[in-house]
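Student: Residue strings, one per chain:
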Amino acid sequence: MGNNILMILDLKKYFKTNYGLVRAVDGITLSVNEGETLGLVGESGSGKSTTGHLVVGMYSPTSGSIIYKGKDISFTSDKRPKDLRNEIQIVFQDPASSLNPSKYVKDIIASQLRLIGIKDRWEIENRISNLLDSVDLPPESYMYRKPRDLGGGELQAIAIARALSTNPKLIVLDEPTSALDVITQAKIVKLLKRVQEQMKLTYIFITHDLAVAKHISDRIAVMYLGKVVEMADSEELFKNPQHPYTMMLFSSIPVLSEEERKIRPKKVRSIGEIPSAISPPPGCRFHTRCPFVNEICIDREPVLSPVNGNSSHIVACHLISE
Amino acid sequence: MERLLAVENLSVGYRTYRGRSKVLDSVSFEVLRGEKVGIIGETGCGKTTLLRSVLRILPPNALIYGGKVIFKGIDILSSSHDNLNKLRRESIGIIFQDPMSALNPFLRVRDQLYDAIKYSKLIEGYKGKSKDYLRELSINLLKEVALPDPQRVLDSYPFQLSGGMRQRVCIALALTRANELLLADEPTTNLDVTIQEQVLNIIRNLVEERKLSVILVSHALGMLSEFVDRIYVMYAGQMIESGRAEEIFFDPKHPYTRALVASAPKLIGKWEAEALFGRVPDYVNPPEGCRFQSRCPFIKEECRVIKPSPQKISETHWVACHIYGG
Numbered sequence: 002m003g004n005n006i007l008m009i010l011d012l013k014k015y016f017k018t019n020y021g022l023v024r025a026v027d028g029i030t031l032s033v034n035e036g037e038t039l040g041l042v043g044e045s046g047s048g049k050s051t052t053g054h055l056v057v058g059m060y061s062p063t064s065g066s067i068i069y070k071g072k073d074i075s076f077t078s079d080k081r082p083k084d085l086r087n088e089i090q091i092v093f094q095d096p097a098s099s100l101n102p103s104k105y106v107k108d109i110i111a112s113q114l115r116l117i118g119i120k121d122r123w124e125i126e127n128r129i130s131n132l133l134d135s136v137d138l139p140p141e142s143y144m145y146r147k148p149r150d151l152g153g154g155e156l157q158a159i160a161i162a163r164a165l166s167t168n169p170k171l172i173v174l175d176e177p178t179s180a181l182d183v184i185t186q187a188k189i190v191k192l193l194k195r196v197q198e199q200m201k202l203t204y205i206f207i208t209h210d211l212a213v214a215k216h217i218s219d220r221i222a223v224m225y226l227g228k229v230v231e232m233a234d235s236e237e238l239f240k241n242p243q244h245p246y247t248m249m250l251f252s253s254i255p256v257l258s259e260e261e262r263k264i265r266p267k268k269v270r271s272i273g274e275i276p277s278a279i280s281p282p283p284g285c286r287f288h289t290r291c292p293f294v295n296e297i298c299i300d301r302e303p304v305l306s307p308v309n310g311n312s313s314h315i316v317a318c319h320l321i322s323e
Numbered sequence: 301m302e303r304l305l306a307v308e309n310l311s312v313g314y315r316t317y318r319g320r321s322k323v324l325d326s327v328s329f330e331v332l333r334g335e336k337v338g339i340i341g342e343t344g345c346g347k348t349t350l351l352r353s354v355l356r357i358l359p360p361n362a363l364i365y366g367g368k369v370i371f372k373g374i375d376i377l378s379s380s381h382d383n384l385n386k387l388r389r390e391s392i393g394i395i396f397q398d399p400m401s402a403l404n405p406f407l408r409v410r411d412q413l414y415d416a417i418k419y420s421k422l423i424e425g426y427k428g429k430s431k432d433y434l435r436e437l438s439i440n441l442l443k444e445v446a447l448p449d450p451q452r453v454l455d456s457y458p459f460q461l462s463g464g465m466r467q468r469v470c471i472a473l474a475l476t477r478a479n480e481l482l483l484a485d486e487p488t489t490n491l492d493v494t495i496q497e498q499v500l501n502i503i504r505n506l507v508e509e510r511k512l513s514v515i516l517v518s519h520a521l522g523m524l525s526e527f528v529d530r531i532y533v534m535y536a537g538q539m540i541e542s543g544r545a546e547e548i549f550f551d552p553k554h555p556y557t558r559a560l561v562a563s564a565p566k567l568i569g570k571w572e573a574e575a576l577f578g579r580v581p582d583y584v585n586p587p588e589g590c591r592f593q594s595r596c597p598f599i600k601e602e603c604r605v606i607k608p609s610p611q612k613i614s615e616t617h618w619v620a621c622h623i624y625g626g
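Chains A and B are the protein sequences, given in the same order.
Quick note on numbering: the first sequence equals residues 2 to 323 in my numbering.
Quick note on numbering: the second sequence equals residues 301 to 626 in my numbering.
So that you can see chain A by itself, here it is in the shape it has in the complex:
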């Protein structure tokens, strides 16, 4: 893998609400290498989407910094240099609500192309048909259709084509397949992988489905209540999960065959629910649901440290670092 394309340093994002301060992202440090796919997994409320939204600049962080290709971009996208804005794109979870239902597919993509300064009509048309081709949609039959006439998989493909229209380097995929049926999901994941190879893209793939994350990610970061609790190469994480939360997620995956059932860790059964991010539990945030909880877990917050001296596999748990 190449060099770092994105660095996130002690990133925090708090939201003010009537009930108090929501600590959606509470100090995460990550780096993404060029050309790789980083999976962000966790339950709803773990801050994975907020992290993705911060990277594309949908809002500015409370503190910490996001460094893209050596430049600090820790502010909203309208304050970022224009060329950098084009290089970071996002695909949302629900394609039906992220595309204007009454506009032609052509116009949806064309408006992006005009934004990056392509004015010539033929050029625009050309590019659109190339883009639609690259996501397996025959341009002649999709250009003049409207999102409301299309199915979920086709819509998500269009959302991907739109994200590709500005020649991005980094795409944040915010649960791009969780609103889709299994068959369409498999197709979209395949498409994403192919496009990544062709265009040398870097992905941040946000999902709550560990099985999907396993197949698309090179590395996986597991998040819980605004913190990264474990990060490793995807193979390593599945072979050797360390954090009890990772094991809990892992053991909850429904599987088909007996072999798969065997490799799921048995130790941790799913109990309880993710606590409120307004008043996260003291010490280790997972201690309210952890079956191995100790006194130290309630007192002190664990820090991310390498597992068995392997610096690419880090985990924040008192049980392991001790």
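I should point out that these hints are in silico values taken from the structure, not numbers from a laboratory.
Some hints could be false.
Covered by chain A, according to a simulated footprint, are these stretches of chain B (three or more residues, beta-carbon under 8 Å) [to be verified]:
1) 488-496
2) 510-522
3) 560-566
As a list, the in silico DMTMM-like pairs of lysine to aspartate or glutamate whose alpha-carbon atoms are at most 20 Å apart [as the list claims (entries may be wrong)]:
4) A:K147 / B:D411
5) B:K421 / B:E480
6) B:K566 / A:E261
7) B:K566 / A:E236
8) B:K431 / B:D411
9) B:K443 / A:E274
10) A:K263 / B:E526
11) B:K566 / A:E141
12) B:K570 / A:E274
13) B:K570 / A:D219
14) A:K120 / A:D108
15) B:K570 / A:E237
16) B:K372 / B:E480
17) B:K566 / A:E259
18) A:K191 / A:D134
19) B:K386 / B:D375
20) A:K263 / B:E546
21) B:K570 / A:E260
22) A:K240 / A:D210
23) B:K570 / A:E259
24) B:K418 / B:E444
25) A:K83 / A:D73
26) B:K566 / A:E260
27) B:K566 / A:E274
28) B:K570 / A:D210
29) B:K607 / B:E308
30) B:K421 / B:D411
31) A:K72 / A:D95
32) B:K566 / A:D219
33) B:K566 / A:D210
34) A:K191 / A:D108
35) A:K267 / B:E526
36) A:K13 / A:E302
37) B:K386 / B:E444
The beta carbon of each residue, even a glycine, is placed where N, CA and C say it ideally should be.
Go by the hints and put chain B onto chain A.
Tutor: Then chain B, alone, in the frame of chain A:
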């Protein structure tokens, strides 16, 4: 085993502004007493319409073209409202997909549970008892679905509860009715995997304790494989394959079932999805013959004309596809 529910050649559609749609195309299936049956299919294949027909709670624009739904010898589709309500009250309970829209947002959980209990078998012989008794019954129900702190839950509004808790309240509501058959319409689709596991465990335990029969409708193969005995595969309103869970997952026959099983993300090995283009056909003008024809890679002449009939693969396994004759 005794046959509890039998659906025979059921055809149901809807009145739409474009004409009459034909969603269910002579669907037949059965559920034995104490059996856990799964129905799998993608969005818009008529799974929900089928479940709603079983309870006859279809929307007003629905049209029943023909067929029978026989529950313990009574045809639900032609029985009187009194008989039907008795079944709904005492025998069959349903859990809907979205717990937020299944609960009334303006009423506290307790009021919804009290109402459900008042019109159920649970209250029999206790007419005239005080509210305390209702509360006690409700708390027991909530404890059965493993809700922590049932006292607080009873006094909250649905929006104050998390998705998993709401779904558990819905299961408790269904339990007031389900003494024989429990219908579950994608009960865990909106939940996190961890919560999904908890909810499934609760349903599994209850079903075993109370010896219920279950129809679990879902598009998630993995979830079904851990829960049901027998599976029906549905595509565009037709039953296309059925068998024991192992037969469907490890020896799928129909091209659609094969694609479906291949698409499920696996923990071991590569994820090789078969490319299946297109989507479920239009129900207002459904194609003649097999409804899967537009997406089928193995299409033959007769697929466009004749609807395939079920062919036996084994004692428990059948498939409706021209590849296998018929």
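Student: Are the hints correct? Go through all of them and say.
Tutor: Hints versus structure:
1. With 5 residues having a beta carbon nearer than 8 Å to a beta carbon of chain A, the segment 488-496 of chain B meets the requirement of three or more and the stated coverage holds.
2. Residue count for the segment 510-522 of chain B with a Cβ under 8 Å from a Cβ of chain A: 4. That meets the three needed, and the coverage hint holds.
3. Counting residues of the segment 560-566 of chain B whose beta carbon lies closer than 8 Å to any beta carbon of chain A gives 7, which meets the minimum of three for the stated coverage.
4. Distance check on the hinted pair: K147 (chain A) and D411 (chain B) sit about 45 Å apart at the alpha-carbon level, beyond 20 Å; violated.
5. Between K421 (chain B) and E480 (chain B), the direct Cα distance comes to roughly 12 Å. Compliance with the 20 Å bound is thereby established for this hinted pair.
6. Pair hint K566 (chain B) plus E261 (chain A) holds up; C-alpha atoms about 8 Å apart against a cutoff of 20 Å.
7. With a CA separation close to 13 Å, the supplied pair K566 (chain B) and E236 (chain A) stays within the 20 Å bound.
8. For the hint pairing K431 (chain B) with D411 (chain B), the CA-to-CA distance comes to about 11 Å; that is within 20 Å, so the pair holds.
9. Distance hint between K443 (chain B) and E274 (chain A) is fulfilled; the C-alpha atoms sit about 17 Å from each other, no more than 20 Å.
10. Pair hint K263 (chain A) plus E526 (chain B) holds up; C-alpha atoms about 13 Å apart against a cutoff of 20 Å.
11. Annotation: proposed proximity of K566 (chain B) to E141 (chain A) is violated, straight-line Cα distance about 36 Å (limit 20 Å).
12. In summary, the hint linking K570 (chain B) to E274 (chain A) is not supported, as the alpha carbons are separated by about 32 Å, beyond the 20 Å threshold.
13. Annotation: proposed proximity of K570 (chain B) to D219 (chain A) holds, straight-line Cα distance about 14 Å (limit 20 Å).
14. A C-alpha spacing of about 13 Å is found between K120 (chain A) and D108 (chain A), which places the hinted pair at or below 20 Å, so the restraint holds.
15. Restraint check: the Cα-Cα separation between K570 (chain B) and E237 (chain A) comes to about 16 Å, which is no more than 20 Å; the hinted pair holds.
16. Proximity of K372 (chain B) to E480 (chain B) is assessed by CA-CA distance (about 10 Å); at most 20 Å being required, the pair is judged to hold.
17. Note on K566 (chain B) and E259 (chain A): the hinted pairing holds, with a Cα-Cα distance of about 12 Å set against a maximum of 20 Å.
18. Between the alpha carbons of K191 (chain A) and D134 (chain A) the distance comes to roughly 15 Å, so the proposed pair stays at or under 20 Å and holds.
19. Of the pairs offered as hints, the one joining K386 (chain B) and D375 (chain B) holds, with about 13 Å between alpha carbons and a cut-off of 20 Å not exceeded.
20. Of the pairs offered as hints, the one joining K263 (chain A) and E546 (chain B) holds, with about 16 Å between alpha carbons and a cut-off of 20 Å not exceeded.
21. Restraint check for K570 (chain B) and E260 (chain A): satisfied, since their Cα atoms lie roughly 14 Å apart, inside the 20 Å limit.
22. Simply put, K240 (chain A) and D210 (chain A) have alpha-carbon atoms about 17 Å apart, close enough for the 20 Å limit, and the pair holds.
23. Under the criterion of a C-alpha separation no larger than 20 Å, the hint pairing K570 (chain B) with E259 (chain A) is consistent with the structure, at around 16 Å.
24. Under the criterion of a C-alpha separation no larger than 20 Å, the hint pairing K418 (chain B) with E444 (chain B) is consistent with the structure, at around 18 Å.
25. Between the alpha carbons of K83 (chain A) and D73 (chain A) the distance comes to roughly 14 Å, so the proposed pair stays at or under 20 Å and holds.
26. Using a Cα cut-off of 20 Å, the hinted pair K566 (chain B) and E260 (chain A) holds, with the two alpha carbons roughly 10 Å apart.
27. With a C-alpha separation of about 26 Å, the suggested pair K566 (chain B) and E274 (chain A) falls outside the 20 Å cut-off, and the hint is violated.
28. Of the supplied pair hints, the one linking K570 (chain B) and D210 (chain A) holds, its CA atoms being roughly 16 Å apart against a limit of 20 Å.
29. Restraint check for K607 (chain B) and E308 (chain B): the C-alpha separation of about 17 Å stays at or below 20 Å, so the hint holds.
30. Of the supplied pair hints, the one linking K421 (chain B) and D411 (chain B) holds, its CA atoms being roughly 17 Å apart against a limit of 20 Å.
31. With a C-alpha separation of about 31 Å, the suggested pair K72 (chain A) and D95 (chain A) falls outside the 20 Å cut-off, and the hint is violated.
32. As the CA atoms of K566 (chain B) and D219 (chain A) are separated by approximately 16 Å, the hinted pair is consistent with the 20 Å bound.
33. Taken as a hint, the K566 (chain B) and D210 (chain A) pair is honoured in the structure, with Cα atoms around 11 Å apart against an allowance of 20 Å.
34. Only pairs whose Cα atoms come within 20 Å are accepted, and K191 (chain A) paired with D108 (chain A) is rejected, the gap being roughly 26 Å.
35. The suggested pairing of K267 (chain A) with E526 (chain B) holds, with an alpha-carbon distance near 15 Å, which does not exceed 20 Å.
36. Of the pairs offered as hints, the one joining K13 (chain A) and E302 (chain A) holds, with about 17 Å between alpha carbons and a cut-off of 20 Å not exceeded.
37. A threshold of 20 Å between alpha carbons decides the hint, and for K386 (chain B) with E444 (chain B) the separation of about 24 Å lies outside it, so the pair is violated.
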